Amino acid sequence: MLFSVLVETRLRPGIADPQGATIERSLPVLGFDGIRRVRVGKAIRFELDAPDAATARTHAGEVCQRFLINPVIEAADITLSVVEAV
Amino acid sequence: MAPRIGVVTFPGSNCELDAVEAIGGLGGQAELLWHGDASLGQVDAVVLPGGFAHGDYLRPGAIARFSPVMDAVREHAAAGGPVIGICNGFQVLTEAGLLPGALQKNRGLKFLCTTTRIRVETTDSALTAEATVGDVLRIPINHFEGSYTCDTDTLAALRADDRVVVRYLDNPNGSVDDIAGVCNDDRNVVGLMPHPERACHKLLGSTDGAVLLRSLLVSAAAVA
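These protein sequence lines are chains A and B, in that order. Letter 60 of the first sequence, counting from 1, is numbered 60 in the working numbering, and no numbers are missing. Letter 105 of the second sequence, counting from 1, is numbered 105 in the working numbering, and no numbers are missing.
The set of hints was computed from the structure by calculation and includes no laboratory data. For clarity, every value in this text was computed on a predicted model and none was experimentally measured. Just so you know, even glycine gets a beta-carbon here, dropped at the ideal spot from N, CA and C. Among the clues, some could well be false.
One-sided excerpt, in silico: chain B residues whose CB lies under 10 Å from chain A [to be verified]: (1) L109; (2) C150; (3) T154.
Let the hints inform the model, and build the full structure from the sequences given.
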């Protein structure tokens, strides 16, 4: 089966996010009020061949932990969807 | 015989020749190593220099840690050989798990290119054996992602084990506990954001980096 994988990385709670802080400070200047707790992450998309969803999720999780994130400062959410069910 | 220091060139490194020049000026025998080589040859110590290894894509050091030479660097470190990471090299060592913590974007999102003052906090490391605790050194920094961060347990361990090697006097980037450089448990692997190789000649405005690189030569000679 072919899966589409979306990895959304984010800084772990408590890790300073200078990009998020800068965006948050800019918002009122532009007239956007009431926005708090801005955090900036990354989105990484790829396709993955695997026999089933559980295997795909495990495989994507390993790629994530070993390479796509730095577990010292980052965490990630993985979203899977089926591209081809064959 | 002069200790042999290997300076690794990754695609995107840009401080490797500065390191070779500075080490040579202090009496070391510096040679360039290529990141794609699986062996370190006959060197006594390794320097991972500054720059933007593999373009810093994904994260600084994230791809460099998988360069073929890194297995040899890991073995060299495990055998007690000195390994120094300067700036981008420090980032590579943290990504490789050879040093604790991580380096993230500077507080205020400023790229910093300036001279800092750092204080030597321990002489028990491959980079500070010839210095004196409390020495204040003027050494340049040149980085965007140099804010040292780690969890509270790691920070407590670094303090308890005297593994903070150098601290900033005027923290320029938001690093936790003013940390500019740390070492591993065995004290032979050291990473720091400031560039000692750029402070080894009067023409460059400071010679304060020389004591650090001399320490590296002494550490290298001890394992030669």
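Each hint tested on the structure:
1. L109: holds, 5 Å
2. C150: holds, 7 Å
3. T154: holds, 8 Å
Of the numbered hints given earlier, the model fails none.
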